[in-house]
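Chains as they are written, first to last, in the working numbering: chain A, 1 to 287; chain B, 1 to 121; chain C, 1 to 223.
Honestly, the hints are just simulated from the structure, not real lab data.
One or more of the hints may lead you astray.
What the hints assert, rightly or not - Here are some chain A residues the structure puts well away from chain B; computed CB gaps all over 10 Å:
{"hint": "1", "residue": "100"}
{"hint": "2", "residue": "240"}
{"hint": "3", "residue": "245"}
{"hint": "4", "residue": "250"}
{"hint": "5", "residue": "263"}
As the list claims (entries may be wrong) - The calculated label-pair distances, taken between Cβ atoms and stated as ranges, are:
{"hint": "6", "chain 1": "A", "residue 1": "258", "chain 2": "B", "residue 2": "88", "range": "16 to 26 Å"}
{"hint": "7", "chain 1": "A", "residue 1": "226", "chain 2": "C", "residue 2": "70", "range": "58 to 68 Å"}
{"hint": "8", "chain 1": "B", "residue 1": "75", "chain 2": "A", "residue 2": "238", "range": "52 to 62 Å"}
{"hint": "9", "chain 1": "B", "residue 1": "69", "chain 2": "A", "residue 2": "220", "range": "23 to 33 Å"}
For every residue, glycine included, the Cβ atom is placed at its ideal position computed from N, Cα and C.
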Amino acid sequence: MAAPVLNLSGVTKYLGNFALKDLSFSFPAGYIIGLIGTNGSGKTSLLHLLSGLYRQDQGIVQINGKSYPQDEKILHDELGFVFQEQLFDRRQTLSENAAFYGKYYSSYSQSDFHSFCRDFELQTDNRYRTLSKGEELKFQFAFALAHHPKLLLLDEPTANFDPQFRSRFLKCLKDFISDGRHSIVLATHLTADLDRIADYLLYLENGRILLASDIESMREQYRIVTGESYKIRLLPAELVIHTEPGEFGARAIVRHRHWVKYDRELAVTSPTVEDLMYFLTKRRHKK
Amino acid sequence: MKIVIQPQGTLAIYEQIVNQLKNAIVSGELKPNEALPSIRALAGDLQVSVITTKRAYAELEQEGLIRPVAGKGFYVCEYNTDYLKEKQYMMLEKRLLETIEEAKGAGISREEFLEMANALF
Amino acid sequence: MTAKIICDYFFTFSREKLRIYLKQFNNWWGSLYLLTIFPVLMRLLETPETAARYYAVVIPLIWAVTVPQLMPFKLTKIQYLCPLTERERKTYLTGMYCLRIAFPTLLHAAFRLPLIAAGWTNLTETCFELLFFICFSICVNVNPATPKMSEKHPLRYISVWLILSSIYGAFCIVGYLFVITGCSRSTSLLIGSLFLAIQLPLTIRMLFYLKHAITLSLRYENS
Numbered sequence: 001m002a003a004p005v006l007n008l009s010g011v012t013k014y015l016g017n018f019a020l021k022d023l024s025f026s027f028p029a030g031y032i033i034g035l036i037g038t039n040g041s042g043k044t045s046l047l048h049l050l051s052g053l054y055r056q057d058q059g060i061v062q063i064n065g066k067s068y069p070q071d072e073k074i075l076h077d078e079l080g081f082v083f084q085e086q087l088f089d090r091r092q093t094l095s096e097n098a099a100f101y102g103k104y105y106s107s108y109s110q111s112d113f114h115s116f117c118r119d120f121e122l123q124t125d126n127r128y129r130t131l132s133k134g135e136e137l138k139f140q141f142a143f144a145l146a147h148h149p150k151l152l153l154l155d156e157p158t159a160n161f162d163p164q165f166r167s168r169f170l171k172c173l174k175d176f177i178s179d180g181r182h183s184i185v186l187a188t189h190l191t192a193d194l195d196r197i198a199d200y201l202l203y204l205e206n207g208r209i210l211l212a213s214d215i216e217s218m219r220e221q222y223r224i225v226t227g228e229s230y231k232i233r234l235l236p237a238e239l240v241i242h243t244e245p246g247e248f249g250a251r252a253i254v255r256h257r258h259w260v261k262y263d264r265e266l267a268v269t270s271p272t273v274e275d276l277m278y279f280l281t282k283r284r285h286k287k
Numbered sequence: 001m002k003i004v005i006q007p008q009g010t011l012a013i014y015e016q017i018v019n020q021l022k023n024a025i026v027s028g029e030l031k032p033n034e035a036l037p038s039i040r041a042l043a044g045d046l047q048v049s050v051i052t053t054k055r056a057y058a059e060l061e062q063e064g065l066i067r068p069v070a071g072k073g074f075y076v077c078e079y080n081t082d083y084l085k086e087k088q089y090m091m092l093e094k095r096l097l098e099t100i101e102e103a104k105g106a107g108i109s110r111e112e113f114l115e116m117a118n119a120l121f
Numbered sequence: 001m002t003a004k005i006i007c008d009y010f011f012t013f014s015r016e017k018l019r020i021y022l023k024q025f026n027n028w029w030g031s032l033y034l035l036t037i038f039p040v041l042m043r044l045l046e047t048p049e050t051a052a053r054y055y056a057v058v059i060p061l062i063w064a065v066t067v068p069q070l071m072p073f074k075l076t077k078i079q080y081l082c083p084l085t086e087r088e089r090k091t092y093l094t095g096m097y098c099l100r101i102a103f104p105t106l107l108h109a110a111f112r113l114p115l116i117a118a119g120w121t122n123l124t125e126t127c128f129e130l131l132f133f134i135c136f137s138i139c140v141n142v143n144p145a146t147p148k149m150s151e152k153h154p155l156r157y158i159s160v161w162l163i164l165s166s167i168y169g170a171f172c173i174v175g176y177l178f179v180i181t182g183c184s185r186s187t188s189l190l191i192g193s194l195f196l197a198i199q200l201p202l203t204i205r206m207l208f209y210l211k212h213a214i215t216l217s218l219r220y221e222n223s
């Protein structure tokens, strides 16, 4: 396996009455890591931790084998961000902003920035403060790509994009990781995007990890079974994680085993990311 | 070679890739010893996850249809067409059986079923 | 870096920020009071000398108060995300603080020059006033522009007093005491130096706090 792009072990961070607790995971370089979880589950806090804005109280955070604070400058040089906030100077135009902050990066290219902006239909001589939310995220994305980072941290970028741009955006992400050395952490609510392009999933709930695995073994581990309620009840109880009874039948998420033969009248499918989130969250709430 | 992915299809994405590559091999569109697109190139092209594509290739490798060459990627094996045909027959048989069961359940007679098959084929 | 600091300092007055600032009535009325009502009440506008003395202090003073209010002092988020070393961040922050203190002081000094030329005041008085002014512009930065001072900090309760006393010192003792009350110049200088003797050590203590605040601001979480 390639060297891990992210390597966290036992990371704990207290933030007021919320805490990221005991996060341990490791993902290889060259993939898209989907970061999912309900609102307030700690996605943004984790991204802040990875970007060095927060420092962990316990544990080790390593990115490409380097860690804060000693390698801060190198790490920031290798990281690109798209955050939900207005990061740049509101008085200046897009190209002034990009040129100004681009100077800090070792491999920033203004001409790349302009070509990305043309691609994303951004007017580079507009002032930053005139941008709409979607345009602002586009701009941040263009700027991030223009300084050629090794790891992109994206916080909910797709929600504000129009459908047309969204597919172009996803294409950009695929292109970005295509050489196997660049990686992406993508936090999002739009799980349909992740179903398609994510390689790994990191599922946070209340500051803890509920699931961290590659997407195929997630699909392999679980099955969504739909059918008549009594047939669902006959499934091996130790494998059923959660059942949702309905008027015309029930839906259940089960742990998949190769030896389990499902009743022919039950519809058995691999879960989508959304199914997984839905059921696993339900189960937590029941507990 | 053309591969079409239906994200909302009943088959998992990796199965869709496996099936379509298999068809390309059986139909001779992919010749023995021909190089397959690299995992990342294919994943980028189809806009699907790299891991999914990897899994599809692993599946094909397990079935002996393709082989990895260190540092170069995957190549189509020298396969036995009869063996492949046999396998496809077997799969078809299994699916047909399911369909027949369903037809029986719906009270369709043998003649009616054959007629339907004839008309559709 | 220097260009960025200077640019950031002088372009603080974006329209929307100013609007928000003006919405806080107390500041607005405070400035209005100092600029128009107070001098009329104190009959400071009767001679050109007192008027000039007065405005030479009050205009830079309002500037010095307004800037920290408009721009809560910290690095912007992007500056925490850029590949900068802690040292570079520190240079920026320190430069910014120096400018906040130096610029109003220089402005004040510039306003004093015509007064000296007109023979209304002398160099000693000006130096005194400048010292008070520096004290003022240091203290005025402390709470609005730095991370909130902790409850236990010994200077917490006297910071307001320090600000008020330096205003008082600056534009009453040295400038007006003899003009308004008619006491001799040397008496007013004596009272002024007594004030300074208390003011200066406390202000120096305040400077150390600012230094500490800069170190704190180097980390995003603290700002």
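Consistency of the hints with the structure:
1. Residue placement check: residue 100 of chain A keeps its beta carbon more than 10 Å from all beta carbons of chain B (closest about 33 Å).
2. Distance check for residue 240 of chain A against chain B: the nearest CB is about 21 Å away, which clears 10 Å, and the non-interface claim stands.
3. Residue-level check passed: residue 245 of chain A sits 24 Å from the nearest beta carbon of chain B, beyond 10 Å.
4. For residue 250 of chain A, the shortest C-beta to C-beta distance to chain B comes to about 20 Å, beyond the 10 Å cut-off, and the non-interface label holds.
5. Consistency note on residue 263 of chain A: stated as away from chain B, and its beta-carbon is indeed over 10 Å from all of that chain's, at 13 Å minimum.
6. Checked against the given bound of 16 to 26 Å, the beta carbons of residue 258 of chain A and residue 88 of chain B, roughly 23 Å apart, stay inside it.
7. Range check, residue 226 of chain A to residue 70 of chain C: about 60 Å between beta-carbon atoms, so the 58 to 68 Å window is met.
8. In this structure the supplied range 52 to 62 Å is violated for residue 75 of chain B paired with residue 238 of chain A, their Cβ-Cβ distance being about 44 Å.
9. For residue 69 of chain B paired with residue 220 of chain A, a C-beta distance near 27 Å keeps the hint of 23 to 33 Å intact.
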